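Q: So the chains spell out like this:
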Amino acid sequence: MNTYIYIWVSLVMLTGLSVSTAGRNWGRWGLTLALLIAFIKSGLILNYFMHLKDQKKMKWIRWMIPGIFAILVFFIGLTFLDIALR
Amino acid sequence: MPSFYEENGRFRGFWAWIFSTDHKRIGLLYLLSILSFYAIGVLLGFLIRLELIAPGPTIMRPQTYNALFTLHGVIMIFLFVIPGIPAIFGNFFLPIQIGARDVAFPKLNLLSWWIYMGGAALAILSLFTGGGPIDTGWTFYVPYSLRTPVNVPLAVLGVFVLGFSSILTGINMVTTTHQLRAPGMTWFRLPLFVWGIYATAWIQILVTPVVGITLLLTLMERLVGVGIFDPAKGGDPLLYQHLFWIYSHPAVYIMILPAMGIISEILPVFARRTIFGYKAIAFSSLAIAIVGSFVWGHHMFVSGQSDVASVVFSLLTFLVAVPSGVKVFNWVSTLYKGSIEVAPPLLFALTFIFLFAIGGLTGLFQGALATDVHLHDTYWVVGHFHYVIFGGTGFAIFGALHYWFPKMFGRMYHRKIPYIAWGLLFVGFNTLYFPMLLLGWQGMPRRYFDYLPQFHSLQFLSTIGSWILIGGLILMFGNLVHCLFKGEKAESNPWGGATLEWQIPSPPPRENFDEIPLVSKGPYEYR
Amino acid sequence: MIRGLTGLSDEIVQNIFLYIAVISVSILVLITFLMIYFTFRYHRRRNPHPEDIHGNLWLEILWTVIPTLLVLSMFYYGWTGFHALKKVPEGALKVKITARTWSWLFEYENGLKETELTIPIEKPIHLQLTSQDVIHSFYVPAFRVKQDAVPGMTTSLWFRARDLGTYDVLCAEYCGQQHAYMLTKVRVLSEEEFYRWYEEKGKELQMKKPVGVPLGERLFQEKGCMACHSVDGTPRVGPTLKGLFGKTIVVMTEGKERQLKVDEDYLRKSLLEPNADVVKGFPPIMPSQKGVSTEEDITELVRYMKELK
Amino acid sequence: MINDRSMETHRDDLGSTLGMWLFLLSEILLFGGLFLLYAIYRFNYSQSFHLAAESLNRPIGALNTVILLTSSLTMALSLYALKQKQSLRSLCFLLSTILLGLLFLFNKYWEWASKFEHGVYPNATRLLERERGEVLFYGLYYSMTGLHALHVLVGIGLLTAMVYFIRKGKVHHERYLPLENSGLYWHLVDIIWVFLFPLFYLIT
Ligand code: HEA
Ligand code: HEA
Ligand code: CUA
Ligand SMILES: [Cu+2]
Numbered sequence: 001m002n003t004y005i006y007i008w009v010s011l012v013m014l015t016g017l018s019v020s021t022a023g024r025n026w027g028r029w030g031l032t033l034a035l036l037i038a039f040i041k042s043g044l045i046l047n048y049f050m051h052l053k054d055q056k057k058m059k060w061i062r063w064m065i066p067g068i069f070a071i072l073v074f075f076i077g078l079t080f081l082d083i084a085l086r
Numbered sequence: 001m002p003s004f005y006e007e008n009g010r011f012r013g014f015w016a017w018i019f020s021t022d023h024k025r026i027g028l029l030y031l032l033s034i035l036s037f038y039a040i041g042v043l044l045g046f047l048i049r050l051e052l053i054a055p056g057p058t059i060m061r062p063q064t065y066n067a068l069f070t071l072h073g074v075i076m077i078f079l080f081v082i083p084g085i086p087a088i089f090g091n092f093f094l095p096i097q098i099g100a101r102d103v104a105f106p107k108l109n110l111l112s113w114w115i116y117m118g119g120a121a122l123a124i125l126s127l128f129t130g131g132g133p134i135d136t137g138w139t140f141y142v143p144y145s146l147r148t149p150v151n152v153p154l155a156v157l158g159v160f161v162l163g164f165s166s167i168l169t170g171i172n173m174v175t176t177t178h179q180l181r182a183p184g185m186t187w188f189r190l191p192l193f194v195w196g197i198y199a200t201a202w203i204q205i206l207v208t209p210v211v212g213i214t215l216l217l218t219l220m221e222r223l224v225g226v227g228i229f230d231p232a233k234g235g236d237p238l239l240y241q242h243l244f245w246i247y248s249h250p251a252v253y254i255m256i257l258p259a260m261g262i263i264s265e266i267l268p269v270f271a272r273r274t275i276f277g278y279k280a281i282a283f284s285s286l287a288i289a290i291v292g293s294f295v296w297g298h299h300m301f302v303s304g305q306s307d308v309a310s311v312v313f314s315l316l317t318f319l320v321a322v323p324s325g326v327k328v329f330n331w332v333s334t335l336y337k338g339s340i341e342v343a344p345p346l347l348f349a350l351t352f353i354f355l356f357a358i359g360g361l362t363g364l365f366q367g368a369l370a371t372d373v374h375l376h377d378t379y380w381v382v383g384h385f386h387y388v389i390f391g392g393t394g395f396a397i398f399g400a401l402h403y404w405f406p407k408m409f410g411r412m413y414h415r416k417i418p419y420i421a422w423g424l425l426f427v428g429f430n431t432l433y434f435p436m437l438l439l440g441w442q443g444m445p446r447r448y449f450d451y452l453p454q455f456h457s458l459q460f461l462s463t464i465g466s467w468i469l470i471g472g473l474i475l476m477f478g479n480l481v482h483c484l485f486k487g488e489k490a491e492s493n494p495w496g497g498a499t500l501e502w503q504i505p506s507p508p509p510r511e512n513f514d515e516i517p518l519v520s521k522g523p524y525e526y527r
Numbered sequence: 001m002i003r004g005l006t007g008l009s010d011e012i013v014q015n016i017f018l019y020i021a022v023i024s025v026s027i028l029v030l031i032t033f034l035m036i037y038f039t040f041r042y043h044r045r046r047n048p049h050p051e052d053i054h055g056n057l058w059l060e061i062l063w064t065v066i067p068t069l070l071v072l073s074m075f076y077y078g079w080t081g082f083h084a085l086k087k088v089p090e091g092a093l094k095v096k097i098t099a100r101t102w103s104w105l106f107e108y109e110n111g112l113k114e115t116e117l118t119i120p121i122e123k124p125i126h127l128q129l130t131s132q133d134v135i136h137s138f139y140v141p142a143f144r145v146k147q148d149a150v151p152g153m154t155t156s157l158w159f160r161a162r163d164l165g166t167y168d169v170l171c172a173e174y175c176g177q178q179h180a181y182m183l184t185k186v187r188v189l190s191e192e193e194f195y196r197w198y199e200e201k202g203k204e205l206q207m208k209k210p211v212g213v214p215l216g217e218r219l220f221q222e223k224g225c226m227a228c229h230s231v232d233g234t235p236r237v238g239p240t241l242k243g244l245f246g247k248t249i250v251v252m253t254e255g256k257e258r259q260l261k262v263d264e265d266y267l268r269k270s271l272l273e274p275n276a277d278v279v280k281g282f283p284p285i286m287p288s289q290k291g292v293s294t295e296e297d298i299t300e301l302v303r304y305m306k307e308l309k
Numbered sequence: 001m002i003n004d005r006s007m008e009t010h011r012d013d014l015g016s017t018l019g020m021w022l023f024l025l026s027e028i029l030l031f032g033g034l035f036l037l038y039a040i041y042r043f044n045y046s047q048s049f050h051l052a053a054e055s056l057n058r059p060i061g062a063l064n065t066v067i068l069l070t071s072s073l074t075m076a077l078s079l080y081a082l083k084q085k086q087s088l089r090s091l092c093f094l095l096s097t098i099l100l101g102l103l104f105l106f107n108k109y110w111e112w113a114s115k116f117e118h119g120v121y122p123n124a125t126r127l128l129e130r131e132r133g134e135v136l137f138y139g140l141y142y143s144m145t146g147l148h149a150l151h152v153l154v155g156i157g158l159l160t161a162m163v164y165f166i167r168k169g170k171v172h173h174e175r176y177l178p179l180e181n182s183g184l185y186w187h188l189v190d191i192i193w194v195f196l197f198p199l200f201y202l203i204t
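Residue numbers (this note's numbering), protein chains in the order written: chain G, 1 to 86; chain P, 1 to 527; chain U, 1 to 309; chain W, 1 to 204.
Treat the hints with care, since some could be wrong.
[Said to hold, decoys possible] With a straight-line Cα cutoff of 27 Å, these simulated DSS-like cross-link-like pairs (lysine-lysine) come out: (1) W:K83 / G:K59; (2) U:K96 / U:K201; (3) G:K59 / P:K279.
Honestly, the hints are just simulated from the structure, not real lab data. Computed from a prediction, not measured in an experiment: that's the story for all the values here.
Let's have the full structure, built from the sequences with the hints guiding it.
A: Structure representation (structure tokens):
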């Protein structure tokens, strides 16, 4: 129970961090940082709220999310090959 | 033990079918509905050919023709080949082959059929409402699909809904294969048909949503004018093509992988020996599913896509050809030193290998950059995909029907007629589609209502082929339908198959197995 | 039949095609032969006792590696050919192509606008394509070249003609009702003849009032109106414009029918907002001239249409 | 009673968890298509995207993020309580999740409405007059937040059904899977917002 609350506090704090860093002009790094924070947040939600971490009987389910992410990266990356080099 | 036909549930008659959660009944529901749509699609194909028998307007007007090939494509792709094997034979046989009583989510399974019918109903409704039948081609390319006054939204919504059904079937198949295997049914004792369906199911789950969102956006763009793809609003129409093919290329593997699974079932049974290279065939399915997801750009070589992208996509395209080749070689080797009985299912399976090889090899010409510049959007492409889809998936379905007919219906068909039908189909098929390859090489573009006089003789020949094909189809289906009622009773294992479905009565009892079997050997071990 | 060797690209495509064809046909023959041979040789009558062979690692490796090498060679060959098709040589003659439903417009560097493409032999031609409405595709089978024309984007293509003559141009991307009729020609002239033609036309252009064809009529050709409208009374995709001015017609305005007498304002509006009043019995597919034609052109077109008796 | 037999056969909890995750995967790719479009248009029109993002209401966006995160917390707590046999507490948490969801939707509605008032809605002439990049930004903004809101709505529907089932005693500490699966869905919708928020509101 307490874990849930700690996680929630971290999530809210990360949101704050994301908002406050966005004010500054860091060029391209701004996007990277924002996405990094978003990934950390979704990692917390996945592992704690959605109990991926405790998925004992089907451990491979944990790999589905990184897997799907890799696929998405491929989709976007290959499309960029077209867009960026046209 | 009463068969699943006799045991009704809460409902009677008709209702006992459309509200049944039994995977076998649902499989047969799909069989009936999919074949009905197939009959419509075939009729449309026949009309297309009739129009093209001579240059100039023959039996219809251009707008009618455009609607015809669009409907023909939409019905054949979304209502026939994509759901075809997974929903009919996957539903019916996958649970039995892994020793389960049903799929993992029987109710969801029924729901997918209902959704399928809903999507089909929308697509059909779209013909009679709004601005009339859709005329965009099955690819719905923007900006044409945003501009044409016909009823695009409803048709697109129909396809979107069909996608849902496909995803749900996929989820069901993956979960069933993971969770409901009988004791002792290890991954490498799975029949290869299960491997085919399993790989397909993953593609269904992972890429169908991409086309879903694409169509949804097109819909929103048409209805409320949000700017996404429309160049008039700054959009990039090529992005539509990317998103569309991210789904629709893998979709061609949704069509072919289960068909390849069927071939891998039929060959060992009629060669009476184990399959050659079980693991190679199983893994090549996965390889096709994975690599095949990243080759979509080969539909866009002349679209204005960047050259670098074209080169990369061309390379990846060639790489998917290799695992397909591995399968073909293993199949041919399975015949080696077998004890072969050329029963109708085997005949169709061998024809599959021949026609699919032609289709696949013609694909290589399109995968090569320089040649595709010439071949793209010509009849070469039309020839290519009819060879792989009809010659491949279509003939695999015919093979499966003849292979599993006794199991599904408990009756045997007339054993001689399929050979005559096969002869007509084979000759008709090649007369119909081979000229298309030549036409394409000579530069006849596709989706043409009319053509220049130099293409006349080949187009004419092609139309003649379609008539021969009619004969074959009618004879084949006539035989099956007739024997559905009049055929003699079938034994439980007429072909001597070793997979689980042949170890239970024909037709199977309601819950397939009295007792869940204990599996102790591979699927094709005859001794 | 497409005539023999007509362009550089033609040769490239032909060679690669042959290369792939030889490999493919050999593989097909091999597979088919083995299939049929095995089926006869090991028929149940002749071979009642099968032998179980589970597989062979070496064979698997063999038929993975060899096809991989073969397809890689095809890829490489296709790629080099493509590279040649894409790399525009120096000093090419530049022509701009505008595609629209359902006609082509070719614009030369001196401002000359034509509905057929006329080019000199042996000189590289560099085409730059765009589209006004939906996607079309410029396709000359004789030269084995094809390129989509995409709205909002410029794409390019080059080729070189080796033979004199006239060749078909087809539209290879589905673009609606008259897609099959979106045809034109490429005329290949000798170098001298071409430049004589080119300069003559250029001079006419300079004089503003070209000899022969009056401006309105020329615009009517140039803007592609004739793809959908006749001026002799036959209905095409759109209504004929013969005797239109002053006629009373029935149009659909926001879904409601109404009658109206054709005047200058209506003609003008038909060009700029064609979907505001749609002639009954016709689909609302006429492309708008807004942002495409200049004010003068529109005035000229309207004047032309008024005179169509 | 054949049709009911599937209910009687053993409950395969692992199976339905797997099924749910597979469904979530396809949901991720549904949004994936939109993220792809977003990435490309942002790359092509980074300037206009920046400009357009300035006019979005950042505090409301941040508030909505916190609201959804909190609803995720209550969702997790609700499941936790149910497993501890405290169905009343579970119900309370569930109801607060639903309320937070509604609050989120209300804010979203308010946000959209004020944009509409400024003439910034799909196909509005005022919008079409702007830079192409801005038109696309709003096209994506409406599509992505709209689709997300639709998911929140579906989620609320699911959770309401759960309230009903818990009260009827059909979902309880031994049969908590329906609640767990609805929760998974809810959290996923939350995760998607976690990405939407910086991508739309925090562009610099
Ligand atoms: C069942 C469906 C199916 C299947 C399996 C395939 C399989 C393949 N397809 Fe096809 N394709 C379609 C259905 C299918 N296709 C459709 C419907 C279209 C048109 C869409 C439209 O525009 O409307 C299309 C269009 C299409 C194009 C775009 C053409 C264009 O529009 O310009 C390309 C280009 O690369 C292509 C390539 C391939 C390749 C390389 C394969 C490979 O997977 C084939 C692999 C198989 C073999 C190679 C044969 C067997 C192997 C051997 C005998 C071993 C020896 C082989 C080697 C040495 C290589 N296909
Ligand atoms: C599953 C896929 C599938 C199948 C099986 C077929 C089958 C056929 N198709 Fe194809 N076709 C497509 C998928 C398919 N098609 C697709 C995707 C397109 C692209 C569409 C687009 O461009 O958007 C296309 C396009 C296409 C074209 C190109 C149109 C153009 O570009 O202008 C043509 C032209 O000849 C054609 C012809 C045919 C014919 C003659 C058949 C024949 O097989 C039909 C043969 C059968 C008969 C002639 C028999 C008639 C029989 C009866 C009426 C009795 C039926 C009874 C029972 C079933 C019991 N099709
Ligand atoms: Cu223009 Cu087809
Ligand atoms: Cu493809």
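Q: Now look at each hint and say whether the structure bears it out.
A: Checked hints:
1. For the hint linking K83 of chain W to K59 of chain G, the alpha-carbon distance of about 22 Å falls within 27 Å, and the restraint holds.
2. Proximity of K96 of chain U to K201 of chain U is assessed by CA-CA distance (about 17 Å); at most 27 Å being required, the pair is judged to hold.
3. Taking the CA atoms of K59 of chain G and K279 of chain P, the gap is near 24 Å; set against the 27 Å cutoff, the hint holds.
When the structure is compared with the earlier hints, no violation turns up for any of them.
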